[in-house]
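Engineer: Using the sequences provided together with the hints, build the complete structure.
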Amino acid sequence: MTRRRPVGGGVPLLLVPPAAIGAAFLLLPTIALLIRMPWSGLHGLYADSDVSSALILSLQTATAATVASLVFGVPLAWMLARLHFRGLGLVRAAITMPLVLPPVVGGVALFLALGRFGVVGRYLDQWFGFTLPFTKYGVVVAETFVAMPFLVITAEGAFRAADRGLEEAAATLGASRLSVFWRITLPGIGPSLVAGTVLCWARALGEFGATITFNGSLPGHTEVMPTLISRALENNLEQAEALSLVLIAIALVILTVLREQWLRPAVST
Amino acid sequence: MTAQLAGLAGLAADVHVERGAFQLDVSLEVPPGEIVAVLGPNGAGKTTLLRTLAGLLPLTAGRIALAGNVLDDPAERTFRDPADRQVGVVFQDYRLFPRMRVIDNVAFGPRSRGLDRGPARQLAHQWLDRLDIADLARRRPPQLSGGQAQRVALARALATEPGLLLLDEPLAALDARTRSVVQGELRGHLAAFDGPTLLVTHDPLEALLLADRIVVLESGAIVQQGSPHDIAARPATDYVATLVGVNLYAGVAADGRVELDDGGAIMIGDTTLAGRVLVAVRPSAITVYASRPDPGSARNLWPGRIEALAPLADRIRLNVSGTPSALVDVTAPAVAELRLARGRDVWLAAKATDVSAYPEPGGNSAASDAGAMRS
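Chains as they are written, first to last, in the working numbering: chain P, 1 to 269; chain G, 1001 to 1375.
The set of hints was computed from the structure by calculation and includes no laboratory data. All values derive from a computational prediction rather than experimental measurement. Every residue, glycine too, gets a C-beta built ideally from N, C-alpha and C.
To give a feel for the contact side, a few chain G residues facing chain P, derived at Cβ under 7 Å:
#, residue
1, Ala1054
2, Leu1056
3, Pro1082
4, Ala1083
5, Val1089
6, Arg1095
7, Arg1099
8, Phe1108
9, Gly1109
10, Ser1112
11, Arg1113
12, Thr1160
Structural biologist: Set out below in structure tokens:
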């Protein structure tokens, strides 16, 4: 008996080596990190005050940025998906901008907008005596700027794909527009919203360029994990490794949570 | 007089919608307690009509009033949101909220209209009881059969105590066996609802069985309306005739003979009819002969060729081409005895007394013209 291959199902052998190299390349750095990890000294490393404060600040700011992204980003996504208004293209461009802009440039732009002498920032300073950069609020702002588009784009796609029929049914049953949104539309996009939120949080947690440009990296004040890792790399490699381990662990958890969304081959687009 | 009363208490709709090349122009009055079926082919504008009444689509022009309250009137810049209309809708695909239990689906309306959670659920329970589906309360929509989902959708619509009930193809999503069961139940539930009811369907049987009055919609306009009996007996267009399974011919009558527009002639019993008429012949009123029979008195007799045979429930329907072409119903033994088959040449005969002829409805008066009806 000979094994039959389905017609057209044969593997072009030439594709296998580059594919294997590609996969190995993506996996190797993580493996190297795990091999070189100073496992025995980890406890002491996490007890270091710089490390623990960076860890806590990272979690706080990333969570705050995610909440801000939800509060402003979900309504924004709904508008993009459902409304047709003049300037829609402009709004969409504004949202896509942080996705394609190098984060460092984003930091510079934030500085020019919200810095002490910035377009808006000067009034914050004049009227309220409040300066945003180099504070933990500044960290939240920088992270939100970079991370919110991920949430908006995910939620917009979900709003677009949502079953409008259910919303119509709810309306005929007497539900107000806000109530339809709250009770039908939003629960309907639940899985996508979770995915977008997690993605947004992960992006905020890992944000480096915009954060360090806008806020510097002051230990105990504005130093978050990525900026501490960058600083530690020069004089305390083990610290950098220990912090990287935390971020890798978080990444693994996220991949597990979102495996339904991303780790399955796309059946259709 | 009654029309004015109906306008006050029931639904009075003068619907004009333009969407691109499509136009819908329909005037309808439905008094409380009446069940009207809007029957028409796909694309006739049935769903568009239903959506304007529900407030899901604004009128281009016209006016919709329910129990004397104006719901939509572009000239007066009045438009009430669906949420403010008291119109219950049973959608074709039911549109039950998939994440809510049945009880919460039904309680959704009362909750949205301001009732607290407890009383809303209590009310929902009463409706589930009334529709005999109390045992489904804790299920979720994906766990329901088609017939169950249909009843939940009806309960959900009725629980808002609507002033108007709309049903979009209420049985279309059901399989054949469930249909016949649900159809009977639905008739009962609709009869218990005391407001005006409007259902749209492309299924003549659904319309005939559920409705008090049938409105036939074609290409965005009403072409005929009347009781199910009227519609079945005196179809006004080819579409309606095909729906109710009747041969319909248009022609000019004089002295008991109708010269058909498409060739051929048919003798009718009524010698007083003159001018443009429609002639309806039931497929069962036509007899098939293998060879030319002796012509009886006042008989219509013409040759034809069998183009197709299709089995119906208890008989075989022949599609016979000739002048005129006709649908003919015969029994299965007759098919065997006469060796009827595709391509076979046959003779058709119909008694003049089995043919019903009536003036072509060019205006409204024609439909109420008695005397033309023979059966």
